[in-house]
Structure formats: structure tokens, C-alpha cells
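**Student:** Kindly generate the complete structure, drawing on both the sequences and the hints.
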Amino acid sequence: GGLLMVGIIANIHDLLGLLPEAYHQGATVAIIACVGGFLNIATGVNTSILFTSDKYLYGTYLLFLLLILAVILNIILIPIYGIEGAALATALSSVIYNVLKYFIILKKFKMQPYDTSSLKILFAFIASIRLYSLIGTLIYKESFHRKDCSPYSTSSGVHLTSPYLNSFLTFSYLLNVRFFFKSIFAFI
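Note that my numbering has the sequence shown beginning at 46, numbered continuously upward.
Heads up, some of the hints might be wrong.
Unchecked claim - Here are the simulated DSS-like cross-link-like pairs (lysine-lysine), alpha carbons at most 30 Å apart as the crow flies: (1) Lys153 with Lys165; (2) Lys100 with Lys153; (3) Lys155 with Lys165; (4) Lys165 with Lys152; (5) Lys100 with Lys152; (6) Lys155 with Lys100.
To be verified - Okay, the calculated beta carbon distance ranges per label pair: (7) Asp160 with Leu84: 14 to 22 Å; (8) Phe96 with Ser163: 21 to 29 Å; (9) Ala72 with Gly47: 16 to 24 Å; (10) Gly127 with Phe154: 39 to 47 Å; (11) Tyr106 with Gly46: 24 to 32 Å.
Note that these hints are calculated values from the structure, not bench results.
Just so it is clear, CB atoms sit at the ideal spot from N, CA and C, and this is done for glycine as well.
**Tutor:** The following block contains the structure:
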């Protein structure tokens, strides 16, 4: 989920550039939604644990709290920030909901999704962001110094994606090829 979030955030302007002009203001909304969604993913399978246990009433109360919190935050933030306020209200509601679920599961079940391996994953995630940025920067500089093309357009003037999107797509392709060969060799 983290790599997808970074890929979307780094390339949201290029992705929205493929759509009509009216959609370009949605970049901030997409970034806020990505961060809120990532924090939802980061809390693990708290919803499944809570709703399939004998403590399901806590989950029901939390859902009502989520509903009330979302309505109140939307009423407060939309007049101030517009569409970004709606995204912020949704993300904040989701984060508060997931943090509360985390603490209920920690207190009632003595369980939590994090351990020392989570730190390793966090460091690997940070390292992949840095590597991703470095690759994008190198691709950008290489294409910028070439005389026969600019980094963002072809000779016919067609707009290409940013170097960050190119490096992300290349990385995704390599992961898919690796997964493909792993799945083939698993059957042999």
C-alpha cells in the first residue's frame, strides 16, 4: 500500500493532466485521501478482529461515532476549505476511527499488529521512497541533458509523464515480471 501511495502522490499532477482542466484541482484531495487510506491500511485487520469477536458492540458504537464525526467535520470543514475540507474530514474521521479500534483491540484482546518487524518494513518503505526519488531524479536529469528531447514531451509535442511516474511504472513492471516468474516456478 505504501508504494502505491507514494506513486500516486508523486504523480498525481501528471495523472490529472490526462483529464480535463476541471479535474486538476483534485490533486490535494487525492493526496489527502491517499494518506487517510494508507493509515487505514496501516492499522491492520482491526475491523475483522473486532466485528467477529464477542466485542462487536464496540465496533457498532465506533461506527456510529464515525458517522457523527464525519458529519460534524464535514459541516465545519467544507465551508472553510471546500472540496479539500471534505477530503480532510473523511481522512480525519477514518484515522480517528482506526486509532480507536487499535486501542480497543490492544486493551480488550492484548493484540496489536506491530512488532519489531514493523520497524524493518517502515525502514524498507522509507528506503524505497528515497530510491524511487533518486531514480526519478536521475532519469529526469538524463533526459533533460539530451539535446534531441525534453523530459516531458516528444518531438511531436505530445506530453509524456514525469520521470517519477516513469520510474514508478518501470519498478511496478519489474515487480510484476518477478511475481509472474515466481508463480510459474511455484508450480514446477
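**Student:** Next step is simple, just say for each hint if it's right about the structure.
**Tutor:** How the hints compare with the structure:
Using a Cα cut-off of 30 Å, the hinted pair Lys153 and Lys165 holds, with the two alpha carbons roughly 27 Å apart. Distance hint between Lys100 and Lys153 is fulfilled; the C-alpha atoms sit about 8 Å from each other, no more than 30 Å. About 22 Å separates the Cα atoms of Lys155 and Lys165, which keeps this hinted pair within 30 Å; it holds. Of the pairs offered as hints, the one joining Lys165 and Lys152 holds, with about 25 Å between alpha carbons and a cut-off of 30 Å not exceeded.
Proposed proximity of Lys100 and Lys152 is supported: the alpha carbons are some 12 Å apart, at most 30 Å. With a CA separation close to 13 Å, the supplied pair Lys155 and Lys100 stays within the 30 Å bound. Checked against the given bound of 14 to 22 Å, the beta carbons of Asp160 and Leu84, roughly 19 Å apart, stay inside it. In this structure, Phe96 and Ser163 meet the distance hint of 21 to 29 Å, their C-beta atoms being roughly 23 Å apart.
In this structure the hint that Ala72 and Gly47 lie 16 to 24 Å apart at CB holds, the actual value being about 19 Å. Restraint check, Gly127 to Phe154: a C-beta distance of roughly 40 Å satisfies the suggested window 39 to 47 Å. At about 27 Å, the CB distance of Tyr106 to Gly46 agrees with the hint of 24 to 32 Å.
Every hint, counting from the list given before, is met by this structure.
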